[in-house]
Amino acid sequence: MSRPSDLIQGTLDLLILRTLSLKPKHGWAIAKRIQQSSGEVLQVTQGALYPALHRLEQQGWIRADWRTSETGREAKFYSLTRPGRAQLEKELAQWERLSSAVGQVILRA
Amino acid sequence: MGAPLERRRPGDPQGLMKDTRMRLLRWWFVLRQRIRTLVRPIAVERELDRELRYHLEREIQENLSRNMPPDEARRAALRSLDGLTAIQEECRDMRHVNHFENLFQDLRYALRAMGRNPGFTAGAGPGGSARTRGSAWGSALQPRAKHAILRR
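Chains as they are written, first to last, in the working numbering: chain Y, 1 to 109; chain E, 110 to 261.
Bear in mind the hints are in silico, worked out from the structure with no lab data behind them.
A few of these clues could be false.
[Claimed, not checked] Calculated cross-link-like contacts (lysine-lysine; reagent style BS3-like; alpha-carbon spacing at most 27 angstroms):
1. Y:K23 <-> Y:K90
2. E:K127 <-> Y:K23
3. Y:K90 <-> Y:K25
4. E:K127 <-> Y:K90
5. Y:K76 <-> Y:K32
6. Y:K25 <-> Y:K76
[Said to hold, decoys possible] Looking from chain Y toward chain E, a few residues come up when the C-beta cut is under 10 angstroms (computed):
7. H26
8. Q46
9. L49
10. L56
11. R63
12. W66
13. S69
14. R82
15. P83
16. Q87
17. W95
We treat Cβ as the ideally placed atom computed from N, Cα and C, and that holds for glycine.
When you get a sec, could you build the whole thing from the sequences and use the hints?
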């Protein structure tokens, strides 16, 4: 996920929003979380992650504040805004529709 | 033109109101971000620096915890942040993409829908003025051509 195409970019947005839906995280933790929960298959590079975070923040889906991290240092934590949470619901529904449609084609075509 | 959209939920004024509230709230977050970038560019820039530096430190720590020698731990972390300047540049670009245009369209739709709904006749007035401002601001804040692909 280094140079995101449109498809990958949309997917990365979804993964970020989902990762933040449980609790606020800083960039490093978001990348680690995605890596771990994908069984080490998805590696989100910084070059894809940080521009995506800044874009989502500009779009009002997430907001950021500085908090003390688990290492005792100040880090920029991102959290979902209420509109962001609503957007996540929409994107999850879209994703399910899309993946089931692709599944159908693979099965029947 | 926008008629099919507005008729999406004919019998659901509460859903419409929730939708409108979300749009306004989002609009507020975007506006706040935009203003901050314009008014405090140095603070925004410093934060970007701190943010990426924090990431670098965590990478180094992780490498050290894998028993990598300090020198190599640092080098490997820097390698993983390959193209730091490019990342910073891209983050900066994200701040200057025009997210307003879509939002104004959104807001216009919301206010107009409220105006059409019998329960919200008072909304028709503000809808009109938002329409005028929307187009003026929208054209003043056109994104640069190379960002066109990032607009949603």
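Taking the hints in turn, this is what the structure says about them:
| no. | hint | in the structure |
| --- | --- | --- |
| 1 | Y:K23 <-> Y:K90 | holds, 19 angstroms |
| 2 | E:K127 <-> Y:K23 | holds, 24 angstroms |
| 3 | Y:K90 <-> Y:K25 | holds, 22 angstroms |
| 4 | E:K127 <-> Y:K90 | holds, 15 angstroms |
| 5 | Y:K76 <-> Y:K32 | holds, 15 angstroms |
| 6 | Y:K25 <-> Y:K76 | holds, 8 angstroms |
| 7 | H26 | holds, 7 angstroms |
| 8 | Q46 | holds, 6 angstroms |
| 9 | L49 | holds, 9 angstroms |
| 10 | L56 | holds, 9 angstroms |
| 11 | R63 | holds, 6 angstroms |
| 12 | W66 | holds, 8 angstroms |
| 13 | S69 | holds, 8 angstroms |
| 14 | R82 | holds, 6 angstroms |
| 15 | P83 | holds, 4 angstroms |
| 16 | Q87 | holds, 8 angstroms |
| 17 | W95 | violated, 16 angstroms |
Hint check: a violation occurs at hint 17 only; the rest are consistent with the structure.
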